[in-house]
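Q: Turn these sequences into a full structure, and let the hints guide you.
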Amino acid sequence: MVIMRVFLISASIPIGVMLSPETLILLGNSAGYNGIIFYMSVAAAAVVCFICACSIFYPGSVAGEENELSLLTRGIGRFPGASLVLSARLAMTLLAATSVLVIAGYAFNEIFLYWFPNFGFAFLLLGLILICNLLRVSWATTLQMLLVVFTLLSFSILLISGLLSAPATDITPQGGEHVSLAAAAGALLLFLGFDLIINSEQKNKLIPAIVAISTIFMLFVLWGAVSRTYVPTTSLTESTLPHLTAARAVMGQNGRLLMGIVVICGATATVNGLFIYMGQTVRNLAVHELLPSFGGDTLQRLAGILMAVTIGILMMTGLAGDPKLTVYYRGALLLWLLLLAVRCLAMACQPTVSKHFSILGLAAGCTMGITSIIIWFTAEYRRDLIVFSLLVYAGGLLLVMVWPAMVKLFPKLKKIN
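With the working numbering applied, the sequence shown closes on residue 608, and no number is skipped along the way.
Simulated from the structure, these hints should not be mistaken for lab results.
Because the structure is a prediction, the values reported are computed rather than measured.
In this text, a Cβ means the ideal position worked out from N, Cα and C, and glycines have one as well.
There's no promise every hint is true.
Stated by the list, open to error - Simulated DEER-style distance windows between Cβ atoms: (1) Phe568 x Asp488: 20 to 28 Å; (2) Ile227 x Ile550: 57 to 65 Å; (3) Cys557 x Arg265: 48 to 56 Å; (4) Glu429 x Ile227: 19 to 27 Å; (5) Asp513 x Leu448: 27 to 35 Å; (6) Leu304 x Met231: 39 to 47 Å; (7) Gly486 x Leu581: 31 to 39 Å; (8) Pro308 x Met231: 41 to 49 Å; (9) Thr425 x Leu326: 45 to 53 Å; (10) Gln444 x Cys557: 45 to 53 Å.
A: So this is what it looks like as structure tokens:
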């Protein structure tokens with residue numbers, strides 16, 4: 192029973208993050224492109240992520256049992272590695288939370304209770320996540336499992352209804368809008384989150400990662416097929432809420448209600464999962480003496496409060512409705528993709544990794560690195576995207592250098608650790 196719970200916790204965090212409302216929007220838009228290219232790009236992305244998971248969670252090496260920070264500090268240096276981890280994780284947590292919580296608020300307001308303020312609901316969700324993470328990690332992980340179960344159940348009902356109601360002749364890969372190289376490469380972004388396996392009693396982190404990738408792959412391919420069957424491809428590519436459009440086409444108002452549950456539970460699971468993983472990240476930074484530990488869980492709780500306050504400020508200042516959030520969010524995704532590329536390459540260079548896994552790691556790392564470069568330099572807002580990514584990385588580098596510098600100047604501060 193304990194082993195099963197540990198496994199479910201390990202798998203629920205990546206699945207919850209990959210079921211983000213932002214991911215559903217990207218999936219819906221992508222489903223409107225040429226069918227054969229859509230299915231091939233999603234399948235190729237799943238294979239690359241599978242190879243990447245096999246590389247970074249390689250079970251046969253001591254390095255595979257370490258956290259990403261230990262691997263990167265040894266692979267590319269203490270400060271460059273730590274700053275890449277911190278900048279990618281923190282930027283994603285803050286920006287994804289700002290975006291998806293507001294989306295969840297609008298969904299609750301438009302679908303369930305028209306009179307309830309959307310931002311009020313967004314702040315209620317943020318408060319729930321913060322309280323669970325502050326009081327007990329077990330509460331946060333239990334919440335995560337429940338959210339993922341509700342999301343998968345609602346999504347499955349929609350999928351089964353759509354597949355049973357549609358004639359087999361209507362589910363075809365042909366047709367669709369013209370797709371660019373960047374759009375096809377962007378399929379990798381659908382699976383970002385598979386690497387969020389927390390340090391726990393789960394000894395083999397590869398198994399929950401593979402389960403998460405496989406589950407999301409099946410859901411996304413089937414939902415793409417259902418969306419293409421019920422909604423014109425032009426409407427999918429141009430819609431800002433293609434998943435809601437498809438859900439209503441499949442089951443009418445009931446479909447809209449089910450997709451509302453998927454959006455709200457998926458958004459909450461995304462933010463909660465990122466909060467849980469960020470708690471582990473700051474703890475690892477403290478272990479490497481890049482942040483003060485304060486003893487116990489104080490640092491994790493302080494980090495949770497600071498992140499929640501920052502997210503609240505970003506929501507109140509209207510960033511969620513600003514087109515710049517799209518640029519910032521995409522920049523955070525690309526930093527995450529770059530982090531995965533560096534992790535694969537760093538693991539492939541470890542002497543304890545077998546030759547075959549080393550080759551696979553190099554292939555996955557190069558693929559993810561090239562994909563991030565393609566998306567960076569083909570985006571219409573590439574200048575803003577590149578500047579944002581560089582500034583975030585520089586900010587992460589500054590943060591991880593401050594505490595060691597203070598300890599060097601004032602040795603007595605070392606007692607805080």
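Q: Does each hint hold? Answer for all of them.
A: We went through each hint and held it up to the structure:
no.	hint	result
1	Phe568 x Asp488: 20 to 28 Å	42 Å, violated
2	Ile227 x Ile550: 57 to 65 Å	29 Å, violated
3	Cys557 x Arg265: 48 to 56 Å	20 Å, violated
4	Glu429 x Ile227: 19 to 27 Å	21 Å, holds
5	Asp513 x Leu448: 27 to 35 Å	29 Å, holds
6	Leu304 x Met231: 39 to 47 Å	42 Å, holds
7	Gly486 x Leu581: 31 to 39 Å	35 Å, holds
8	Pro308 x Met231: 41 to 49 Å	44 Å, holds
9	Thr425 x Leu326: 45 to 53 Å	48 Å, holds
10	Gln444 x Cys557: 45 to 53 Å	48 Å, holds
Of the numbered hints given earlier, the model fails hints 1, 2 and 3; all others are met.
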